[in-house]
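> Sequence:
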Amino acid sequence: MKCTQYYSEGIKQVIEAMTQVFKTVPSGVTHTLRVLENAKMIMNQENVSESICEQTMLAAILHDIGALKAFEVHGSMEGKYQEIEGPAIAREILETAGYQSQIIDRVCYIVGHHHTEQAIDGMDFQILWEADAIENLRVMIPREGMTDPAKALLESIKTESGNACLNAQLQ
12 MKCTQYYSEG IKQVIEAMTQ VFKTVPSGVT HTLRVLENAK MIMNQENVSE SICEQTMLAA
72 ILHDIGALKA FEVHGSMEGK YQEIEGPAIA REILETAGYQ SQIIDRVCYI VGHHHTEQAI
132 DGMDFQILWE ADAIENLRVM IPREGMTDPA KALLESIKTE SGNACLNAQL Q
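Just so we're aligned, residue 12 is where the sequence shown starts under this note's numbering, counting upward by one.
Note that these hints are calculated values from the structure, not bench results. Ideal placement from N, C-alpha and C gives every residue a C-beta, glycine not left out.
Straight-line distance between alpha carbons at most 25 Å, and here's what the computed DSS-like set of lysine-lysine pairs gives: (1) K169 x K91; (2) K23 x K34; (3) K34 x K91; (4) K34 x K80; (5) K23 x K80; (6) K162 x K91; (7) K91 x K80.
Pairwise CB distance ranges, derived in the manner of DEER restraints: (8) E89 x T41: 17 to 27 Å; (9) Q31 x G86: 15 to 25 Å; (10) T41 x S19: 15 to 25 Å; (11) T158 x T107: 36 to 46 Å; (12) N178 x S112: 31 to 41 Å; (13) S112 x A179: 29 to 39 Å; (14) E155 x E106: 37 to 47 Å; (15) M151 x Q111: 29 to 39 Å; (16) E128 x E171: 13 to 23 Å; (17) E103 x T41: 18 to 28 Å; (18) E155 x T41: 13 to 23 Å; (19) E61 x E83: 30 to 40 Å; (20) A130 x P160: 15 to 25 Å.
All chains should be modelled from the sequences, with the hints used to inform the complete structure.
Structural data, given as structure tokens:
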């Protein structure tokens with residue numbers, strides 16, 4: 012199953028909902044879509060199942076969905092606040108799109124822990140972690156150089172596919 016051209020109606024609805032949440036912050040949409048593309052690239056090379064493809068794409072689309080609410084409530088978009096605020100927003104979007112509770116619960120778990128590497132507990136979460144790390148590194152390294160946070164992100168990329176995606180992004 013190739014995830015490159017895979018966009019179910021549910022995925023399309025979730026992308027539309029995400030763009031509405033980030034309508035005042037276009038960089039949020041851009042970041043999210045780049046993370047989604049990275050995730051698809053990794054999934055294609057890892058040859059994941061259709062169900063893993065769908066829920067990983069959903070996690071990629073919704074991983075930062077709590078950023079604006081975090082800023083509104085906590086005065087910061089810091090990851091720990093996104094993890095607090097994101098799952099409820101993700102759940103509402105996924106329920107509206109008609110997803111089953113099993114998928115909703117899994118995606119909300121990932122959204123609620125996506126800044127906590129120790130919480131990675133499956134291939135879907137690992138792929139999202141790597142896809143987000145790659146996008147963050149693509150921005151960080153040219154701007155800041157190889158800092159300790161950049162080194163830590165590099166070390167968190169475990170799959171060969173993630174490393175290949177990173178190399179493609181940094182060239």
